[in-house]
Structures are given as C-alpha cells and as structure tokens.
Amino acid sequence: MNALQVKNLTVAYEEKVVLNEVNLSVPMGRLTGIIGPNGAGKSTLIKAIINQLPNKSGAVHVLERPLNPKDHTVGYVPQRNAVDWDFPTNSLDVVLMGRYGHIGMIKKISAKDKQIAMDCLKNVGMEAFADRSIGQLSGGQQQRVFLARALAQEAEVYFMDEPFVGVDAATERTIIAILKDLKAKGKSVFVVHHDLQTASDYFDWIILLNQSVIASGPTESTFTENNLQDAYGGKLFFMDKTKSNKTLS
Amino acid sequence: MILTGNLLWVLVGAILLGIAAGLNGTFAFLQKQSLVGDAAAHAALPGIALAYLIVQQKDLPILMLGAAITSTLAVYMIQWIVSQSKLKADGAIGLVLSVFFGFGIVLITLVNQGASGNQSGLNDFIFGKAAIMAKSDLIWLSGSALLIILMCLLFFKEWKLMIFDPVFAKGIGLPVERLRILLTALTVLTIVTGIQAVGVILMAAMLIIPAAAARFWSNHLGIILVTSAFFGALSGAFGTIISSLRVGLSTGPIIVLSASSLFLLSYCFAPTRGLLSKSRKKKVVKQHKVVQEATSHE
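Protein sequence lines, in the order shown, are assigned to chains A and B.
Numbering-wise, the first sequence is residues 1 to 249 according to this note's numbering.
Numbering-wise, the second sequence is residues 1001 to 1298 according to this note's numbering.
No lab work stands behind these hints, which were simulated from the structure alone.
All figures in this text were calculated on a predicted structure; none of them were measured in a lab.
Treat each hint with caution, since some may be false.
To be verified - Label pairs and their in silico Cβ distance ranges:
1. A/N68 x B/Y1076: 29 to 39 Å
2. B/L1153 x A/N68: 56 to 66 Å
3. A/S138 x B/V1099: 45 to 55 Å
4. A/M28 x B/L1153: 37 to 47 Å
5. B/P1175 x A/N2: 23 to 33 Å
6. B/G1094 x A/K16: 28 to 38 Å
Positions of the beta carbon are idealized from the N, C-alpha and C atoms, including for glycine.
Could you build the full structure based on these sequences and the hints that come with them?
See the structure below:
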C-alpha cells in the first residue's frame, strides 16, 4: 500500500506557479526526506497534501484514500515560525491541541487525553516543561513541543516542515530518534529538509523537488550527484559527502 | 448612595456586559482584531439612526438590529478592501471607521432636526447612558451578554487553537472559517449589546482595555480570560455608578477611565509581565552574570 500518492498536483499563487504537475507515490513505512533548493515548493507540497490550499489542481491520496481530517490519519508539524510563540499557553496545552481532532468540537478534554499528551511530552524529553509557557522555551524546546503535539495526534502518516531548522544538537538527536521510532512502528513520515549533508543518513526515501519532481525513490538510487545537480542546478556548491564540512550545516 | 430599583438592574447589566466584553475582547485581542472591533463599534451609529428613521421610535431590539447590520457590513468591507486592494488593514480600518461614523453623525443630525427633534435620545448612543436604560432594554442587554459569555465558554478550546495555529486547526478538521465568522459575529453582538450603555465611540475600549490589561497578569489563556472578565465587570460597574451619581456624565468615558486605571496598574505592577517584574528579572540576570564573570576570572 502507498502511504502517499500524488497525481498531477499543480499549485499557483496568483500568476506564479509554485508546483507544476507533481506526481509521486511513496510506499508505507518509509522515512522520506523532501529535498530541494529554496523556493522549490517543499512546504507548499506538504500544505497542499494536508489540504490547506484552495488554489490547487490534481489529486492526493493518503493511504490510498482522499484525505479526510475525520479519519485522523495525518499528523502535521508546521514550521516553528508559523505561529506566535507569545501566545498565552503552556507546553502541555499545545500538545493537547493534537488531541482536539479525537476529542471533538465543544467537548471537554478528558483525563485520558491529558495522559496521552503527557506521555508524548515525555517521549520528546519535555515532561519537566509541561507547565512552562511556550514563550519561555528555547527554539529546540519549542520544536520538541510541536513534535509531541503531532505524536498526540496518533496518526499513521506524518508531515513535518523543516523540524531541524534552528534547533540544538540534542534536539536534533531527539527528533531523529523519534522519527526512527515512528518508522519502526510502521508509520510513514515525510520531512521537509534542507541539509544535504545529513539527508542520506536520516532518510531511506528521498523526494527531490524543484517545482516538479526531479526524482523520487529509495535514498541509495535517488540521492545521486546527477539528480542533485538537476534539482539544484548551479546553486549546488557542495557535493562530496566525504569532504563534509561542519560549518556548512 | 441608594442601590434600589432601576439602578440595581443597570448595575447587573453593566457587570454582565463587562464580563461578556472582557471574554470576547480577549479572543479578539489575541487575534489582533481589536481595531476591527473599534471600526465595527463606530459603524453601529448609522445603523441605529437608519433603524430609528424607519420605525420612528426608540425600540432597542430594532435599533440593535440596525446597528448589527451596519457593523457587520463594516467588518466585511474592511476584509474586502484588504483582499481586493493594496491597502493594508490599518488603512482599511481607518477608512471604513470614519466613513461609517461620519455617515452616522449626518443621519443623527437629520433625526434630531426631524419632527421628534431632540426627543429621540439617539445622542446617548454616541457616549452611552447606562443609568437611563429602561428595564426592558436591560433584559435585552443581559440576555445578549449571557449568550456571549456562554459561547465564549463553549468554544474556548476551538478558538484557542484557531488563533494560535489556524493551519494545524484546519489540518485536524476544525471548521476554521466558520469559527472565525462566529467569533466576528459575537464581537459585533458584544458591540451592539453595549452601545446604549457605553456608546459607539468608546465601546471598543471595553473589548480592548480589559484584555490588554489582563495579558500582563498571566501567560495562561484561562487565567487571562477570567482576569479580563473581572476587569470588564469592575469598570462596567464603576462607570455605571459614577455616571448615575452626577447628572450629565456619560457612562462610556467613566468606564474607559476605570478600565484605563486598571490597565495602568497592571502595566506597572502585574507579577508576570508588568514593568516592575521585568526590571526585577533583569536585575536577577545581571547579578547572575556578575557572579558568573567573577567565578570565571578565578
């Protein structure tokens, strides 16, 4: 079964085409990196898949079905800067938001939901910060809270938008451990990622994107010099993984 | 002071209105829509005047209906201008606010020059006159305020998520657009509920000031809502009592002055985000640094 199937997806903002005829299919249980240069439409692809964009054409199937939020099949981690972190709420409350789909409108949050949210916080090593207001968290901690919220959704397929941006090394390790754990549980995870150096270590499936799909497949056959050159064109300044330079990452 | 008969009713109405505005205003404030509320409040004036011109009597539910129509129209015009032109929200709000208010003043003048002349009492809708409200009007006001309070409690969880992270909210299947419209509709209802008591010019202050003041007291939405409701009730009660003591004093300005005093107190002395707590925290950090530097030199 495919975790994700995209057919002829085109997205345009006003006159500008952001995604052009995207076609994809990715099997279940993969840890997929969505890679491409700035402006390639990586975030747009995720938003289009989870049904956030009205101005799109084409078809998206998740687990062989058109997306229906009521199925709770999809978990989502937005870019960290997508929200106002000065909003008056604490870590546990944000994680609980991942339960709202299960709880339903107007209904009250149960003790069981609180327990699940607390377990998810523990999973990302943030249980000590449950009562901490989100504005007082570091960037890495905020990212972990967002990840915990997605875990609380108890979804089958996860979409994460640049979860590694601006986080500390410990958070990056935590996130990677959780991604691997999700994969081990048979979940499918899609991650927008921009660090080419770590991409082949982190992911076992790669989608190379630049407005349309340059390549999509298992990392060893997709993450090749030729494909990267096609996706990045002249913008690719670093190629050889053996010469990996820490200052670049 | 004698708290009997009508004044007691007025006081209850003002307190309920303050609670409703404090709760609803907090959501609008966090959504950064406070100024849209201000425009909607000013835009209530032509609606009141038109409703009066049509039915030729001061029947509060009908005037409220007229106010609701023009207020809603103003909100939609702001959204329409922002989406259809290069004008930003502040420009659109300023434009719509002044056009509607100007039109309202013209209409009120027409009413005042008409057959019934100054007897219409519509002038009271500009600055508000809680003390002279009739009991039947107060029942309308109280019922409407209770409805707003109830809705804010019911949709607390949904609005919180919708304001904090609308993309995620939509992703889990919340009807974000409908929730947003409901919140805007309730803001208009709050304004319409308060216009006779507080007046169109200063009604927005009841939405903004208690919420802004409450924000200093906590980083927890639940506590902010309760604090804001308390501040709203306090200023509502205070404004009503003071304005009923002295002939000629309007309710709106007194309410705003009381709310502003609470704001100033909060801004300076609130333990979580007030001025004093900030400087105290800075001092702690400074001392911490001094200690660190001292130890690092060893």
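Results of checking the hints against the structure:
1. A/N68 x B/Y1076: 29 to 39 Å: 31 Å, holds
2. B/L1153 x A/N68: 56 to 66 Å: 29 Å, violated
3. A/S138 x B/V1099: 45 to 55 Å: For B/V1099 against A/S138, whose Cβ atoms are near 47 Å apart, the range 45 to 55 Å holds.
4. A/M28 x B/L1153: 37 to 47 Å: Roughly 42 Å apart at Cβ, these two residues keep to the hinted range, so it holds.
5. B/P1175 x A/N2: 23 to 33 Å: The hinted range 23 to 33 Å holds for B/P1175 and A/N2, with Cβ atoms some 29 Å apart.
6. B/G1094 x A/K16: 28 to 38 Å: 31 Å, holds
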